[in-house]
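Q: Residues per chain are reported as follows:
2 protein chains.
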Amino acid sequence: MRSTMQDVPLTVTSILRHAVTVNGDRTVTTALGDGRYRSTSYRELGEQVARLAHALRGVGITGDQRVGTFMWNNVEHLAVYLAAPAMGAVLHTLNIRLSPEQIAYIANEAEDQVIVADLSLAAQLAPVLPMLTTVHTILAVGDGDLTPLQNAGMMVIRYDDALGGRPPEYDWPVLDENTAAAMCYTSGTTGNPKGVVYSHRSTYLHSMSTCTTNVLGIGVEDSVLPIVPMFHANAWGLPYAALMAGADLVLPDRFMDAPSLLNLIGTHRPTVAGAVPTIWNDVLNHLERHPGHDISSLRLVACGGSAVPRSMMEVFQNRYGVRIQQAWGMTETSPVATVAAPVPGVSDETAWTLRASQGRAACGVEVRIVDDEGLPLPHDGKAVGEVEVRGPWVTGSYYLGRDEAKFASGWLRTGDVGRIDPLGYVTLTDRAKDVIKSGGEWISSVELENHLIAHPAVLEASVVGVPDDRWQERPLAVVVLHDGHQVSPQQLREFLTDKVVRWWLPERWTFVDQVPRTSVGKYDKKTIRARHADGEYDVVEYRD
Amino acid sequence: MRSTMQDVPLTVTSILRHAVTVNGDRTVTTALGDGRYRSTSYRELGEQVARLAHALRGVGITGDQRVGTFMWNNVEHLAVYLAAPAMGAVLHTLNIRLSPEQIAYIANEAEDQVIVADLSLAAQLAPVLPMLTTVHTILAVGDGDLTPLQNAGMMVIRYDDALGGRPPEYDWPVLDENTAAAMCYTSGTTGNPKGVVYSHRSTYLHSMSTCTTNVLGIGVEDSVLPIVPMFHANAWGLPYAALMAGADLVLPDRFMDAPSLLNLIGTHRPTVAGAVPTIWNDVLNHLERHPGHDISSLRLVACGGSAVPRSMMEVFQNRYGVRIQQAWGMTETSPVATVAAPVPGVSDETAWTLRASQGRAACGVEVRIVDDEGLPLPHDGKAVGEVEVRGPWVTGSYYLGRDEAKFASGWLRTGDVGRIDPLGYVTLTDRAKDVIKSGGEWISSVELENHLIAHPAVLEASVVGVPDDRWQERPLAVVVLHDGHQVSPQQLREFLTDKVVRWWLPERWTFVDQVPRTSVGKYDKKTIRARHADGEYDVVEYRD
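Chains as they are written, first to last, in this note's numbering: chain V, 1 to 544; chain X, 1001 to 1544.
Chain V on its own, in the form it takes in the complex:
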């Protein structure tokens, strides 16, 4: 029996239409540096989106061709987020922090035809251009110098010139909700980057999920500050969710240092913000040294990408009244899969424990853990296995069928290892490849890091497994201290003693100025292990 319901597809076009017709007065604010900014209403954004779609057609975009972006978080990037999918083409956000070779590999594999690029990124983009095989046109945003982009044989047009004189309305096509809306590549810390192709449907459902109270509850009274880059997992879907909700958007462009962000927050008073823990750590350190900044507008700060230290959440909550909410996901999951909000009716201490986990599945997403044979393990808070996920905004394959083994069970193997408690809270203990196997047992590098970061002298800490003759692997702690602080391995071991089992305590310690990071700001453990193998670290060994 078929239902009698209308067959109305879930599309980015309908998010755009709703935003423009029902919330035309809401605004998108883009930072310009030095405290300056520009503001665009949703209505004006809708006109810009229509003009951009005409301009893209004008430079030859047809069918489902890919439109790349090489941009910071700004209103022009938002216009491509809408124009490309709504016209039936595919948005392809390029990660500006990858190497030129990786960027070219990604753009070529996706067969990008056009790249919309910020001229403030011309120096990073220029070395990529000679390697591109399918891109024929660059739309250059901003009033910088075009010269660095002009020697690779492509057409280079200023964004404003391309849009000038185009009609402010566009007859958007009716689209099948299962067609591609956007592409994003994984950051490729293992092997080549792999493409994920989001559908209109998955983008729509993920946005709706983000607007539900149990996820971020974004609504028309919110003002949303996505600090997480729009070239990384759609800025966690915050731009689309804000448009769906009619929330204001505040976009930091390239001004993502702590003082700029704090000024932006103080001036534009966002209620919701999203960024990785290292950004909030920077913000917190700046706040502590420069009191007087006002972050009280923030009702909710979404945080993910790597584990969020409870100590940092506590300081934000207790000293500034700002709730940091951890969420977990990946490029492959659109990205929000789980959210660490506590269940009601628990003690403060339990609530903090739940908030320090990676959280529970958003309705729509299913999460389980499996053993090495792929068999499901109990959700008893004890069994540890690889996390698998399933749901309407989870990818079922990579573009061109890469890395098929990850999808063999019909679920996505996430490469994350952890446990799930009876209430459904997921606690990740490691990336599968970062697990430390010591004497046949697993040590969680993430738990050691979370405890170390809580020590007052420690600014950052990363723990990796390194070869050990007796135990196969043992942990190496790579520690960055706060300016002017001193602490010994012995003292740090003592600090850890009542927090983890004794055989987890690292014997190997190295103190460095900074921990290497990946293109998306995570600890780059592959590089750490390589540097250790090459003897680049001064390692202090300590046993007691």
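Keep in mind that the hints were calculated from the coordinates and are not lab data.
Hints are supplied without guarantee of correctness; some may be wrong.
Unchecked claim - With beta-carbon atoms standing in for the labels, derived distance ranges:
{"id": "1", "chain 1": "X", "residue 1": "V1500", "chain 2": "V", "residue 2": "S347", "range": "30 to 40 Å"}
{"id": "2", "chain 1": "V", "residue 1": "D161", "chain 2": "X", "residue 2": "V1500", "range": "53 to 63 Å"}
{"id": "3", "chain 1": "V", "residue 1": "D161", "chain 2": "X", "residue 2": "S1409", "range": "38 to 48 Å"}
{"id": "4", "chain 1": "V", "residue 1": "T147", "chain 2": "X", "residue 2": "W1352", "range": "57 to 67 Å"}
{"id": "5", "chain 1": "V", "residue 1": "G381", "chain 2": "X", "residue 2": "P1378", "range": "53 to 63 Å"}
{"id": "6", "chain 1": "X", "residue 1": "D1380", "chain 2": "V", "residue 2": "G381", "range": "55 to 65 Å"}
{"id": "7", "chain 1": "V", "residue 1": "V480", "chain 2": "X", "residue 2": "G1381", "range": "54 to 64 Å"}
{"id": "8", "chain 1": "V", "residue 1": "K382", "chain 2": "X", "residue 2": "D1257", "range": "47 to 57 Å"}
{"id": "9", "chain 1": "V", "residue 1": "S347", "chain 2": "X", "residue 2": "R1289", "range": "35 to 45 Å"}
{"id": "10", "chain 1": "V", "residue 1": "G345", "chain 2": "X", "residue 2": "R1289", "range": "31 to 41 Å"}
Claimed, not checked - Simulated coverage check for chain X against chain V, where a stretch passes if three residues somewhere in it have a Cβ under 8 Å from a Cβ of chain V:
{"id": "11", "segment": "1013-1020"}
{"id": "12", "segment": "1203-1213"}
{"id": "13", "segment": "1219-1225"}
{"id": "14", "segment": "1352-1359"}
{"id": "15", "segment": "1380-1394"}
{"id": "16", "segment": "1488-1494"}
Said to hold, decoys possible - Reference listing, derived: stretches of chain V covered by chain X, where coverage requires no fewer than 3 residues with Cβ under 8 Å from a Cβ of chain X:
{"id": "17", "segment": "316-325"}
{"id": "18", "segment": "358-368"}
All C-beta atoms in this analysis are idealised placements derived from N, C-alpha and C, irrespective of residue type, glycine included.
The hints should help you fit chain X onto chain V, whose structure is shown.
A: For chain X alone, coordinates are given in the frame of chain V:
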């Protein structure tokens, strides 16, 4: 270009699975009268649902056969809400307030096979049974007497007996999201009732929409009290939304008088409740006469079904701190289509004006007004036309293709007349059939009613058009006064003078003990007009 996203259907089954696995500890409380109640955890509910599905299979339900319900709001009704759709059958909620002939017509047209019925409703159901042509089994809920149901040749089994010994787990089938999940008939104030068939997809999306902040924002910290009957437009989708969110549910069963509701609210402290305005009016009147009830747990009271008087919203807000939020929709729209939350940044007075409208479209729903030729009218707050809606949870036809003319444009013609302002707020001025056409111009009966109800002596007021020799039609005001109050037509006309244009003022007045209502509690204007035509009202004529 197809996306790489997983093909995971949106189904009632996944709402059920999420509720049971992630929120198993949440509870459903059903009132038993006299302050008693029983409580069921989501986990226990999941077991009951599995047992019920086995029982329904056991009595012969196969494929997409219809399972009727004839029930109040209670946990057994909720179990049918889940079991029938999840097993691939179709839930069909029968409106207990219709005439036996109408109920039989509906059950026969839908070919219901089984009816799950509350024994407390046996007297209402018994006269229906001899007219039923397809029902072969009654599952009788409660411990009342079976005798009244036993003389119609059907199998009558107690619900508990049917479920006894059945397994607490069920291997739910994978369903196409576009298949039927549930049916509901319109209340049939014009012509025969017509069937709407909801899909799994539409139910899922409507639930998700209800959980977004801009609609009701139902989350895991909520406790939801659906007073609106579960046999009427799925109780506005509140049960499914609560299950999706992991919110507690509080169900009043048949105890819906104001004192019982106030006791239920005081004891179980729901945060969200939904009912038609007349119920809240009763609650308010009881509260005013019996101070000491505590309704402070309510953060949000959803109200719809007919226009919500601003005066009532103001008293709830200012005297009790309870926010009443008007929403608009119909059986055909699942039902929530628009929600009257004010945009941020407006004055208090503007916010109240917006709250007194029917609100703005939930994202996903499109609303427009059209003239008599079906041409769209501007959203300028002035043009008045028939409201049309479109969206993934709006019906595109009636069951068996009834009343096709309503869908000719690809939108649903709602039969409601109103205007839309530039911010998208819809203000209904009438049902198309209740518009008063006076001298070629329209008078809004609803606006007159809303102003009249604000008079301190007036308890209820309904205005209908009656024949007039000179003007074709003129308004007749049918007024119920508060006990012990007196007011003259002259005084009420004076009260209206600065609120509506002069030629709207009714000359005809009648004072009655109660206004006739339809099966779902709306003013029954067809009956009012008929009674007036039959000379049953003492009409006072007054002109000045």
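Q: It remains to establish, for every hint, whether it holds in the given structure.
A: Okay, the hints, checked on the actual structure:
| no. | hint | result |
| --- | --- | --- |
| 1 | V1500/X - S347/V: 30 to 40 Å | 57 Å, violated |
| 2 | D161/V - V1500/X: 53 to 63 Å | 55 Å, holds |
| 3 | D161/V - S1409/X: 38 to 48 Å | 41 Å, holds |
| 4 | T147/V - W1352/X: 57 to 67 Å | 58 Å, holds |
| 5 | G381/V - P1378/X: 53 to 63 Å | 59 Å, holds |
| 6 | D1380/X - G381/V: 55 to 65 Å | 59 Å, holds |
| 7 | V480/V - G1381/X: 54 to 64 Å | 60 Å, holds |
| 8 | K382/V - D1257/X: 47 to 57 Å | 51 Å, holds |
| 9 | S347/V - R1289/X: 35 to 45 Å | 41 Å, holds |
| 10 | G345/V - R1289/X: 31 to 41 Å | 35 Å, holds |
| 11 | 1013-1020 | holds (count 4) |
| 12 | 1203-1213 | holds (count 6) |
| 13 | 1219-1225 | holds (count 4) |
| 14 | 1352-1359 | violated (count 0) |
| 15 | 1380-1394 | holds (count 5) |
| 16 | 1488-1494 | violated (count 0) |
| 17 | 316-325 | violated (count 0) |
| 18 | 358-368 | holds (count 5) |
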